[in-house]
Structure formats: C-alpha cells, structure tokens
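> Given chain A's structure and the hints, the job is docking chain B with the ligands onto it.
Sequence order for the protein chains is A and B.
This note's numbering applies: residue -2 is where the first sequence begins, and numbers increase by one.
This note's numbering applies: residue 1077 is where the second sequence begins, and numbers increase by one.
If you anchor each label on the Cβ, the simulated ranges turn out as follows:
id, chain 1, residue 1, chain 2, residue 2, range
1, B, R1215, A, V49, 47 to 53 Å
2, A, L7, B, Y1218, 30 to 36 Å
3, B, E1219, A, W31, 58 to 64 Å
4, A, I86, B, D1153, 54 to 60 Å
5, A, R262, B, R1331, 53 to 59 Å
6, A, R163, B, Y1218, 18 to 24 Å
7, A, R163, B, S1264, 41 to 47 Å
8, B, Y1218, A, A12, 29 to 35 Å
9, A, A12, B, R1215, 33 to 39 Å
10, B, R1332, A, R180, 43 to 49 Å
These aren't lab readings, by the way, just hints derived from the structure by calculation.
C-beta atoms are modelled at their ideal positions from N, C-alpha and C, and glycine is treated no differently.
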Amino acid sequence: MRRRPRLLGLSWLPAVVTAVGVLVLWTVVAASDWIQPAYLAPSPLEVWDAFVRANTYHPVGGGVDRVVRGEENYFLWEHLVVSLRRIAIGLVLAILVGVPLGLLMGTVESVRRVAGPYLDFLRSIPPLAYMGFLVAWFGIYDTSKIWLLFLAAFPPIALATINGVRGVREDQVNAVLSLGASRRQAVTSVVLPATTPDILSGIRVAVGFAWTTVVAAELVNGLPGIGGLAYLSGTQNKIALSVACILVIGLTAIALDFVIRLIERTLAPWRGKA
Amino acid sequence: MTATSVRTHSGAVRVAGVEHVFGSRGAEVPALDRIDLTIEPGELVTLAGPSGCGKTTLLRLVAGFMRPTSGNISVGDREVRGPGAERGVVFQQPTLYPWLDVRGNVALGPKLRGVAKAERTARADTYLDLVGLTDFADRRPYELSGGMQQRTQIARVLANDPDIVLMDEPFGALDALTRERLQGELLSLWRATGKTVLFITHGVDEAVLLGTRVLVMSPRPGRIVLDEPAPFAAASADVDPKDLRASPEFAELTRRVREAIT
Ligand SMILES: Nc1ncnc2c1ncn2[C@@H]1O[C@H](COP(=O)(O)OP(=O)(O)OP(=O)(O)O)[C@@H](O)[C@H]1O
Ligand SMILES: [Mg+2]
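So here's chain A without its partners, still in its complex pose (with noise of 0.2 Å):
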C-alpha cells in the first residue's frame, strides 16, 4: 500500500537533499588532499568529464593528436548494451528451461525426489566457480559467458516456479477438472497462470544474480562489456572512468529491477488481492 504524499512534491526532498548532499562530501574529498596520489579521487565533475568522453569521439590528449572512438573503439553505452545482451540471451535460455522445468518438478512428485537435489547443488554454487571449466569448454569468447549466465539465472526461476506451483489452492484445480480439463489443460490453465507471480519474483531474483555475474565475469577477457571497461579503466589508473562505469553499472541493475517490477504489475495485477 502506497500512501499519497500528503504535501504533493514534497516527498522526494530528503531524497534530493541527501544526494545533493553526498555530492558535496565528494566534491570536497577529492578537492582536499586528504588522499594521495590525487589522481585516486577524481570529483564529480571528473567522473562526468570521463562519461562524457566515453560516450563521444574524443582526442586521446596526451600531446598526441588523434581522435578515438569512445573507450576501447566502443562507446559506454555500447560496453553496457553488449553486457545486457549477453544477460538478455543467458536470461531467456534459463527461462525457457527454469520454467517448464519447475513446472514438472512442481507438478510430478516423483521428478521432483529425483531432480530436486541437483537443483540445489546448482543453486549453492557460485557462478564464477564454473567459469574456468566453461572457458576451457567453450573458448574466451561469448559463449562461455552465455553458459555462465545461464547456470547463474535458471536455479532461482527454477526454484521459484517449483514454490509457486506448491502454493497454487488445490480447489483452484479441482475446479477446472470439474469443468472438464485434461492434466494438460488444468497446468496450461490453471497451474501456470496461477504461478505467474512467483516465476516473475524468480526472473527478478535472477536478473539481480545474472547482473553481479555478468560484470565479474567480464573480467576476463569482457571488452567490450561494461564490467570489462570498469576493470581495464581501474588497472589503467584511469579511475574517473571507472568509477563512471561502476555508477552506469548500479544504475542499470536499478533500472533493470524497476523494469521487471513494472512487468509484475502489468502482468500479475492481483498479486496479494487473490
């Protein structure tokens, strides 16, 4: 239950305040010389210079009079579209297996004794753990980065799809059997639509997970790709860069949430009304 701010604008003014507040606190860190070398606390003024030229053609400075596309021949915001495919691709891959695999488990006892313990081992290993094995299995190269994201997103869909199944009311069912569906037609129907809620609440559980993994593991060999840059940047001693790519990086997993949310609510509107 959302309440309506009562002094309509208002209510995001601690908000402002705070932000306003923190960029103050930064300003006057990296203004001061309380951290040496200086170059190690770039202001706020540095960081959006440095997303600036990320983002643009710009003369590598330095005395040397060349143009260069963007960081690395990309622009930033080529480094995060490229990460967000590969999370995107790993994503739908895990749905489509995460979703009509919880549905079996959910539905069938017997495959879930089986299968259950399998998926919790998955479930229990850190991503990054696999990621030596999946180079090793499928080269340096996209595909190796897909697998990863893959393995880290389709356990909480998974697992998210078997809890919703199990919390679906058994006369929910029992209804449309007495309408006459077919098993089939009672999980089409029924089980499915009624578990939407749940699969959405795994897919954003898993965006978050996919999100931290994605920018880990581009930390080898991840150019172009938005955790990639933040690592090589920060290596380069090039720190406004990098501290600009963290912040893109929060920002996006923000923004990504806020997306699903919105999908949750156009999707699954009688979330906790029925």
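The following block gives chain B with the ligands in isolation, referenced to the frame of chain A:
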C-alpha cells in the same frame, strides 16, 4: 439448454457403504460413517446438518476430489475416480481465477471444450444475466463482493452445462433478497433442464423449500438420519413460495428436519 434434454443423462449417483477418515494413524478424524445413498437422475436433493458433520466431505467425494477410505461411489455404471465435467461443483468458498475477468471465468468450461469464442461469450453472458452480474462481466473477481463471487461461480458451473450439479452452501453468503431470487432461479432452471442436484445448506427452510428430497446428517462422523421426499420444489412455477411456506405440510416437514438436526 435444449441440448441437455436431448443428451443422455449420466445416470444415478450411487454412494455405497462410504466411510471417510481424515488424518493418519494416531490422529484420525472420522468424518463420514457408512453412507448409503442413491440420487436418481433429475432429483434435487438437499442436505442439511450441523457444522462440521461431513457434508462438504461427502460432496467432495462425489466430485471425485478424493477417494473414500472405504466404500465406493459411482455415476451411472461408472465408478467415480476423479473430477469430471458431468459433475459441476459450486464450492463453499468461491474459487475464481484472478487472471481472468468475470466473463472469462464463466466461459472457461466451454473454452476448454473448444467452443468458439463468440458462442462461449454469448453463453457466459446469458448466465451472467441470470445471476444478475451483467454489469460486472469485465471486472476481475477480486473486485467483486463475496456474494457476487459466489454468483459468478454458480454462473460458471451452469454455463458448463453439467448433468449433475453439486452445490456447497451456494447461497450462504447472500443477502435474503438475492438468495430468494436465486432460489427461484435454481428451481426454474432445474424444472427446465432436469439436472440432478445435490444442494448442501445450513438453512432448514431452504432445504425444505428447494428439495424434492431432504436429507439430514448427524454430527460427525456423519450418518444420514433423515431422508424424506418433499413436494414443494415440484410445485408449479407460478405458485408463490410464500404460499408454500404458509402451508401446514411445509411447517410439519420443517419441524421434523429441525428435530433431526438437533
Ligand atoms: N482436509 C481435512 N483434513 C482433516 N480433517 C478434515 C479435512 N476436511 C474436513 N475435515 C474434518 O472433517 C469433518 C467434516 O468436515 P466437513 O467440511 O465435511 O463439514 P461440513 O459438514 O461441510 O461443515 P460446514 O457446515 O461447517 O461446512 C470436520 O470435523 C473437519 O474438521
Ligand atoms: Mg462444508
């Protein structure tokens, strides 16, 4: 509805030596104790009894949601092994689907059978009109009051045209006026279609007025302690229920049913 009278009826409901015990060894709850009952096609059987005596249990066994601990249940010459479209169920608590609007809920049965959209929508609207919910066809179930949800559930079962209708206190959540109207609708529908109905109710008056046969169950474990024919449901449609209620026969049967319950 003409289709119903043409179609061969599923046959009598037979409950033979049925006992039902809930729970496992150590914590057993005997709910039904040797129920023998035959409901002939076209009968409108009302079942009354104290709360917790096993009425819902009996209905769920006939619906095929569970198997009796012992004894067996059949419809026609086929044993009941699970739910089926010929036995429509109006649940004590409405079980509507929140991802469908009210019309979609009512049209679900025909949809599962592959009835074309225009036809099943028309069918749904007919029954929504019958239960007085035409204006709410496009709403979601959770936007309806409890009584309206119950009426939607009734419409959903009727739109699926089952031979046998199992109703678990369907009018319990309704105001007196709506209840009386729906009682009337149930009777005229039953007269027009010849459906077999098992109707569970708390109300002695309702049991006597609606049933061609009135059953009363004892406290748990439920046994049938009264089984009497009742003439009022079969009375012609233009007789006012008020006049029926005023008759000495009505008062007499009501008294006997009330006595059996307590
Ligand atoms: N799933 C169950 N597990 C265990 N016990 C149950 C279960 N369902 C019902 N019972 C028990 O069986 C008995 C009969 O229950 P039932 O629901 O059939 O009563 P009822 O006659 O329909 O009552 P009411 O008029 O209040 O609806 C009750 O004592 C109840 O506690
Ligand atoms: Mg009951």
